[in-house]
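Novice: So you can see what is in the structure, the chains are spelled out below.
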Amino acid sequence: MGSKAARWVRELCRRAAFIARRKQWHEDADSEIRFHLAMREDQNRAAGMTEDDARFAARKAFGNPLRLRDDAREAWLGPALEAFLMDLWLAARGMRRRPGYALLGGVTLALAIGACTAVFSLAYAVLLRPLPFPQPERLVRVYEDAAARGFPRGDTSPGNFRHLQQETRSFSALTMWHRTGATLTGEGEPERVDGLRTAANFFEVFGVAPQYGRAFQPGDDRPGAPPAVILSYRLWTRRYGGDPALVGRSISINDRPHLVLGVMPAAFSYPTSETQFWMPADLDARDWAKRGLRYFLVAGRLREGVSPEAAQSELDALAPLVREADPVANRDFRAVVVPLRDDLAGRAKDRLILLTGAVLLVLLIACANVAHLILSRSVRRASELALRLSLGASRGRLMRQLLAESLTISLVGGAAGFALAAWGLRVFAFLIPASMADTAAVRPDGAMAILALALALVAALLSGVVPAWRLSGVNWNESLRQGSSRLIGGFGQERLRGVLVVSEVAFAVMLVIGATLLVRTLLESLAVHPGFDSRNVLTATTLPPAPHLEFERRNEFLDEALRRVRALPGVTGAAYMSAIPFTWKGGKLDFEVQGKPRENAQGALIRQVTPGYFGVLRTKLIEGREFTGDDRMSSEPVAVVNRALARRYLDGNPTANHVRIHGPGFDGTWYRVVGVSEDVLEMGLLAAPQPMIYLSPRQTRADFNLPFGLAARTTGDPDTLVPSLRATLREAWPAMPVSRVRTLESLREAELAERRPMAILSGALAAVALLLASVGVYGLLSFTVAQRIPEFGIRAALGASAFSILSSATRRGVGLALAGTATGVAASLALVQLMRGLLYGVKPVDPMAFAAAPVLVLLLAMTACIVPAWSVMRVDPSRALRSE
Amino acid sequence: MPQKPARDEIPPGTLYLLILRTLALRGKMHGWGIAEHIHEVSDVLHVEEGSLYPALQRMLIKGWVSAEWGLSDNNRRARFYSLTPDGRRQLQEELSQFERVNRGILRVLEWSGA
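In order, the protein sequences belong to chains S and R. Going by the working numbering, the first sequence runs without a break in its numbering and finishes at 884. Going by the working numbering, the second sequence runs without a break in its numbering and finishes at 114.
FYI, nobody ran anything at the bench for these hints, they're computed from the structure. Quick caveat: nothing in here was measured; it's all calculated off a predicted structure. Every residue gets a Cβ at the ideal spot worked out from N, C-alpha and C, and that includes glycine. Among the clues, some could well be false.
[Unchecked claim] From the structure, some residues in chain S lie toward chain R, with a derived Cβ separation under 8 Å:
{"no.": "1", "residue": "Trp8"}
{"no.": "2", "residue": "Arg10"}
{"no.": "3", "residue": "Glu11"}
{"no.": "4", "residue": "Arg15"}
{"no.": "5", "residue": "Leu68"}
{"no.": "6", "residue": "Ser390"}
{"no.": "7", "residue": "Ser394"}
{"no.": "8", "residue": "Leu398"}
{"no.": "9", "residue": "Pro654"}
{"no.": "10", "residue": "Ala656"}
Assemble the whole structure, with the sequences as input and the hints as a guide.
Specialist: What follows is the structure, encoded as structure tokens:
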């Protein structure tokens with residue numbers, strides 16, 4: 001049996017090879033025939049014939065060489081394929097004669113196939129293409145579930161990481177890292193780059209070795225180990241000229257020499273393409289013991305055969321022990337295991353699945369429209385089809401010919417669709433999450449072309465099979481005798497077209513409802529007040545001249561920088577803050593309200609801001625005052641809290657309360673609340689406001705987050721101030737890197753980065769769907785109406801009113817549109833629940849979307865009905881009657 | 001004019017067998033050679049060009065024979081066919097089938113009512 005299959009495959013390969021080398025084959029066949037003729041001539045001459053007789057007799061004996069060649073060719077191609085190629089050729093020729101028909105179908109399918117190709121390619125790259133690590137399915141991330149504090153996937157602490165590392169059996173290795181920045185000095189401009197500090201087994205977990213040099217070894221991360229670094233390929237080529245001799249030498253990072261241990265290959269950029277270096281973690285035993293300070297990110301490689309679910313249950317079983325180890329810091333400890341792929345894809349997964357569904361619906365609508373087209377046109381070709389049938393063409397033969405037609409249109413659409421998709425990849429690129437910018441890059445390539453071709457074949461089948469089946473089964477002779485204008489009814493075409501229209505309208509309704517929800521989400525997010533006025537504010541991140549600034553030096557630095565920036569023309573105010581809003585979604589510490597048990601608090605975001613911060617950002621103070629220059633170490637320690645904290649944790653007059661913070665650098669000082677500000681949405685525009693405590697950097701020795709965030713309010717367009725701001729800061733501290741100079745407005749925009757294109761894209765898809773569905777309804781109605789013109793003529797002649805004729809002409813179309821709308825709404829009710837994660841400010845079953853979308857679709861469908869019906873009204877009854 | 005050779009039709013289905021057998025005995029041959037061989041040896045069978053070449057093509061597809069270009073005895077370029085291992089197997093099959101059928105036919109013809 002197996003050998004039989006193998007023989008069949010080999011035979012197929014030989015046939016394919018024949019098709020590929022057709023031209024060579026024809027030449028071979030010709031020369032073989034020539035040889036045969038020559039031999040026959042020789043024989044004839046030997047028998048005593050004259051030269052001419054010999055040749056003539058040879059030819060005569062041979063028969064028709066062309067016929068022979070064709071017979072032999074058919075042996076290779078098989079009669080079916082041979083005939084089908086002929087059909088394709090005929091169809092293509094037919095299209096050339098009616099370019100409008102082919103163009104309409106081709107454009108429709110090109111749009112749909114283009115959208116499908118682009119979205120499918122991206123979905124494959126993001127959701128399915130293997131990650132560039134060995135056995136990537138065994139890689140997982142481990143988070144602390146801190147959903148109660150607003151982080152369903154929260155960082156963990158050194159103590160908890162150690163605990164898990166020692167107690168779990170599910171992982172062959174568990175590693176950690178935390179983000180850090182580095183100032184590169186030495187050769188060239190000083191430069192600030194992002195990187196990681198990792199455990200020594202980081203690269204072992206991901207299973208990727210450096211391209212040059214070595215990975216970290218156990219002990220590289222022990223306290224007091226000599227500083228070392230592994231560079232990204234990108235940084236190595238850009239800053240160090242790609243010199244392999246750099247490995248083993250020292251470079252200056254944060255003004256200290258670091259030994260370059262290795263350079264990673266270009267393909268390795270975990271966790272993001274922004275990661276430029278990896279350094280060993282430099283924690284001492286005290287750091288490792290901390291359980292309440294959460295800043296570790298954790299990844300692990302599962303043991304062979306251990307599923308992420310099994311690892312999750314092991315961690316769940318372990319959780320009570322971790323909670324017991326520190327009942328305060330680990331009050332509600334729970335660890336969650338997330339497969340690396342899901343972690344990287346994140347929300348993009350929902351978006352891609354939603355868009356995949358949307359483009360499939362558009363493809364279905366497009367196919368329905370092309371099916372309409374083929375049906376309409378074939379009616380005009382009734383006599384041709386009837387003739388072929390009466391001459392003995394089989395039903396299969398006719399079907400093949402009709403299929404060849406849809407195939408031709410689809411192939412044209414597929415080719416144009418591929419071009420569209422290649423261009424559209426840029427439009428759709430926002431679907432690739434930043435964390436996968438390198439691994440999920442999509443370029444138009446052979447695989448994408450094959451995808452477009454496959455989609456074209458599917459479209460050909462979808463749009464061709466049903467009409468082909470219907471039409472080839474018609475008794476055309478009967479139809480012909482009835483007159484060609486009557487061809488539409490009588491053989492179920494009417495019903496078929498009805499089904500097509502109902503499904504088109506239903507699909508369009510679903511798309512419009514989905515798009516309305518996404519557009520409403522965008523509008524809702526745009527309307528969100530972030531807690532500050534983002535217009536005319538320029539932000540920058542700067543580093544102090546030395547990485548570890550003493551308290552006094554730090555404040556001198558802040559004061560001096562602010563003095564210079566405020567002096568710039570066009571700047572009305574400036575302030576420093578430990579993090580510019582939206583740029584650091586962390587920094588939560590436990591706090592305590594005087595006179596209340598500590599268990600009540602869920603942690604608050606702690607930010608240090610210089611006097612004037614609230615004025616510069618125009619964050620309103622609901623009560624009390626903000627920091628002034630008079631708040632110093634020697635005066636009463638004060639704090640500003642936000643409304644979310646005051647409402648949740650402070651009773652009565654908020655400014656009568658004292659708070660203190662538990663965390664590194666905080667010495668237990670009680671700060672009196674002197675002001676309550678409105679909520680600033682630090683965690684993101686669409687995230688719930690978190691409790692916040694603001695302190696002045698003059699009143700705490702705790703670390704000011706590095707790098708420092710600077711914001712300046714300007715009188716005019718903040719972009720024009722970028723050069724002078726850079727120059728001013730550079731002038732003051734030549735070695736100080738200034739990075740990420742951006743307007744606050746652009747940061748706010750970035751928060752909406754994926755929502756805007758998602759809304760626009762889904763809106764565009766819905767518009768295309770609406771248009772196509774309307775064309776479908778219009779096509780059906782103009783046909784049935786044209787067919788009934790004589791009937792309307794009689795009615796008009798008998799005195800029927802214009803209105804009754806109009807309503808009778810449109811009744812069917814409106815009925816179908818209504819049926820389609822009802823179906824679409826019913827299907828949407830179930831499907832919108834899947835969109836929940838992508839919505840903000842609207843419920844999935846949004847009354848507006850569910851009422852407006854169907855109304856819009858119905859209106860369009862009815863317009864499409866009325867246009868052809870209107871033409872009936874202007875028909876001269878006597879002419880209509882004669883047309884019978 | 002030479003005398004027209006006697007022409008008897010080749011029974012349907014046996015052309016493959018004849019070609020396979022010819023190639024098995026005489027090795028590499030071109031189409032003309034195969035036709036001539038069958039004609040000469042049988043004295044009566046004449047292979048039509050219109051059946052020979054399509055048959056050879058079908059045998060190429062089946063993988064029973066392989067073809068290569070070479071020079072004929074009188075220095076003309078010709079396509080030479082030779083048997084493949086698959087073709088050898090096929091010959092055995094066709095031979096035993098032919099014998100079975102022949103025996104059957106003979107039995108019918110020789111039967112004289114027992």
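Novice: Hint compliance check: list the failing hint numbers for this structure, sorted ascending.
Specialist: 1, 6, 7, 8, 9 and 10
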